[in-house]
Structure formats: C-alpha cells, structure tokens
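With the sequences and hints as input, model every part of the structure.
For the record, the sequence lines run as chains A and B.
Just so it is clear: in the first sequence, position 109 is 109 by the working numbering, and no numbers are missing.
Just so it is clear: in the second sequence, position 243 is 1243 by the working numbering, and no numbers are missing.
Simulated from the structure, these hints should not be mistaken for laboratory data.
Please note that the accuracy of each hint is not assured.
[Claimed, not checked] Some chain B residues flagged as far from chain A (calculated, every beta-carbon gap over 12 Å):
id, residue
1, Tyr1007
2, Glu1013
3, Tyr1062
4, Asn1072
5, Leu1081
6, Arg1086
7, Lys1109
8, Lys1157
9, Phe1183
10, Asn1196
11, Thr1199
12, Ile1219
13, Phe1240
[Stated by the list, open to error] If you want the footprint, here are the derived chain A segments under chain B, 3+ residues with CB under 8 Å:
id, region
14, 50-64
15, 67-75
16, 92-98
17, 110-121
Even for Gly, the Cβ is constructed at its ideal location relative to N, Cα and C.
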Amino acid sequence: MTQTEIIQILSGFVGSIGFAILFNIRGKRLITAAIGGLLSWLLFVLISKGVSSEPIIYFIIACVISAYAEIMARVLKTPTTGFITTSLIPLIPGGSLYYTMVHAIEGDLNAFLPKAIYTMELASALALGIIVSTTFARVFNKLIMNKVKNKI
Amino acid sequence: MKKLIGYAMDIGEQMLISGAEVHRVEESISRICYALGAARVDVFIITSSMVVTVHTNDGNTYTQTRRVTSTNIDFEKLHHLNQLSREICEKKLTEQEIEKKLRDANNCKKFSLWFEFICYAVIAAAFTMFFGGDITEALISLFVGAIVRLSVYFFEKIISNKIFHKFFAAVVITLLAFMTVEFGWIANVDMVIIGNIMTLIPGIGLTNAIRDLFTGDSIAGLLRSIEAVIAALAIAAGYFLVAVLGGFVL
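Next up, the structure:
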C-alpha cells in the first residue's frame, strides 16, 4: 500500500465517523458504521489492484458493504439505512461531481460530457450494488419468516 | 381505538422524520395496528404525507392523515422507535406505557451543537485529504467547514427552505475558498471546495431514494430522488454564482 492509499483509507474512515455522529448514531452502532467506512475504501484499494474498471469496483463494494449493513442491522436490531450511508460515504463521487461542475461552468463541452457520464456511471454502480443486497435481504427475510411459521 | 391509531401515527411520523425508508414505516404502522386489534389496516405513505385507515372487528373504520413537512435525521431516535414498535407487537403495552416510551424516544440523547460544528469541520478536512489535498488545504477546509456550518445555522433561522440552505452553504464555501486563493494561502480551490461539498451531499436521502424505488414505493422513491437532484443543482448554482459573478473563473 502506498502512502496516498493509507491517507485515503484513514481520511475516509474519519469522514465516515463524522457522518455517523451527525446522524446521531451511538455506541455499538457507531463502531459498526465506522468499521464499514474503513472497510469500504480498504476494499477499494485491494480490489483496484486486480480490476481496472472503477464502476465495477464500486458495484462490488456497494454489494459487500450493503450486505454487511443488512447483517449488522439484523444483529443489532436497528434500521439498515444509517449503516449503508455512512459506510459508503468514501465512495460518493464528490470529486468527479465537482469537476463536472467546473467543466460546465468553463463551457468546455468536450471535457464536461465524459466527466458527467462517468459520474453517473459511478453513482449508478453504487445504487445497483445497494439494490442487489437489499433485494437479497428481503428474500432471505421472507424465507426465514416462512421457516419460523412452518415450525409453529 | 382512535387514540391507539394516533400513537401508531405518532411513531410512524417520527420514524419518517428521523430518516427511515417508507417501506419500514408502512410495515411498522400496520404491524402496530394489527397488534392493537385491527381487523384490516390500509397504510399509504409518501415522504410528505401519511394516510392510515383501520377497520376494527366491530365494524368501525377510522382514518387519520398526517402531513410531514420536516426531516431531521436522527438514527438514535429511529432505533428507539423501532424497538418500541417491536415491543408493542410482541407484548401488549398499555396506553400509558406507549405514551411514556414514545416521549422517551423523542427526548433521546443528542450531540451538542458545538460538537456538530466540529464534526462538519472534521468531515470537510478529512475529505480534502481524501481527494488528494495537502495539510494546508485540509486545515483551511477545517476552518471553512466550521464557518460554513455556523453561517448556515444563522441562515436557517431566517429562511426555512432547505434548498436555500444548500445554495447558501455552497455560496459561502466557494467564496471562502476563492478568497484563500486570493490571499495566496493555497494555489487551487478544488480540494477545499470538494471537501466541503461532501458535507452537503444528501446521503441518507439518496440511499433511501434507491431503497424506496426498488422495493415498490415508487412515488416516495421518485420524490426523494428529485429532492436529491434539486439539492445538487442548488449546490452547483451557488458555486456558479460566486465563481462567475465574483469574476474568479472566466
């Protein structure tokens, strides 16, 4: 791991904790959310060694992190949304969103369009990952519920 | 029964305000109502309005609606409300118990205001580092973040429109960032602005929008998506205004 990567992992982690506190997540749940934030960029660094397409990496991480959020939410008996959001904060394409804006204001259409499309790609990859995990969680929930009902 | 539906609505309303997705609120309300002895429950919720109709076994129907205007994300409160709705479903609580627990949930612990300011500042600094800024830029971000939060705090008292808050925050961020460049403290505004914009991104709104859209609550999901898009446009507009009218770009 290079120095920049370590800085990114740590600062992403701090950012996640900051957001978790703003959302008033406390105690065990704060720790869970913070670990998610650490995990998300650690995964990015690790996966990016093997996969070059950023949207695909984003998709994989979004799947893994939302699955983690769903599981921890079941364990701690609390809603999932807070965990997903705080853990995925480092992946939010704030940088490319900003540069899209800058290119738009400069009227540089040739730079603006690819950047805008790329930002959309990253955001859609994130969304898709969350959807996959959420849907699977719903299906699992149904299966478990049915099993419990059959036992009774 | 009327009063009991009122409690269910209160719980649901507070859940929605604290940042729960629509699906969860609908499910909680209908479960609570069934647990309290309803024969049939029809719940319809979007982000800004709730309608609940309960049919009882003795042939009466009760309908209540609520208009939800504010959002105030608070997952501690949501956690307690969630526990409360579980408890109501699992064991019969009396009216007084429900009322007391609801009050407790509404008065749950919050972080103090100055701590919130520090959080904003730290988030801004952390993301400045994250996107490749150096220590000077991170430090400037730290102060800009604190100042922005402080000025938005006073701005909120004058105007209650949330879109304007984002717009105003973006204006202050851009102005301060370009000023520090004018003073020669940093060479480039990019990192400071990116770090601070991260604090404005409606993360919960977007996550909920996605989850609502794809669990069948399309109207609520669309509403939330549009809110997020408008928030992003407001941020961009704030940046444009300062950058162009201030003569910093072009």
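- Task: With a C-beta cutoff of 8 Å, work out whether three or more residues of the region 67-75 of chain A approach chain B closely enough for the coverage to hold.
- Result: violated (count 0)
- Confirm or reject the statement that B/Asn1196 sits farther than 12 Å, beta carbon to beta carbon, from all of chain A. Given that some Cβ of chain A is not farther than 12 Å from that of B/Asn1196, nearest at about 10 Å, it is violated.
- Verify that the Cβ of B/Leu1081 lies farther than 12 Å from every Cβ atom of chain A, and report whether the claim holds or is violated. violated (9 Å)
- Mind verifying the non-interface call on B/Lys1157? Its CB should be farther than 12 Å from each CB in chain A. It holds; B/Lys1157 is separated from chain A by about 19 Å at its closest Cβ, greater than 12 Å.
- Is it correct that the beta-carbon of B/Thr1199 has no partner in chain A closer than or equal to 12 Å? Violated, because the least Cβ-Cβ distance between B/Thr1199 and chain A comes to about 8 Å, which does not exceed 12 Å.
- Item | Verdict on B/Asn1072 as a residue remote from chain A, using beta-carbon distances over 12 Å | violated (9 Å)
- Message: Closer than 8 Å Cβ to Cβ for three or more residues is the test here. Does the region 50-64 of chain A pass it with chain B?
- Response: As far as the region 50-64 of chain A goes, the hint is violated, because 0 residues have Cβ atoms under 8 Å from chain B.
- Query: Does the no-contact call for B/Tyr1062 survive, Cβ to all of chain A over 12 Å?
  - Reply: At about 27 Å from chain A, B/Tyr1062 clears the 12 Å cut-off, so the statement holds.
- Status of the stated non-contact between B/Glu1013 and chain A (beta carbon gap over 12 Å): Given that every Cβ of chain A is farther than 12 Å from that of B/Glu1013, nearest at about 16 Å, it holds.
- Closest CB-CB distance from B/Arg1086 to chain A, is it above 12 Å? violated (7 Å)
- Item | Non-interface claim for B/Lys1109, where every Cβ of chain A lies beyond 12 Å | The claim is violated: B/Lys1109 sits with its nearest Cβ about 7 Å from chain A, within 12 Å.
- Item | Beyond 12 Å from every chain A Cβ - status for B/Phe1183 | holds (21 Å)
In summary, the numbered hints that this structure violates are 4, 5, 6, 7, 10, 11, 13, 14, 15, 17.
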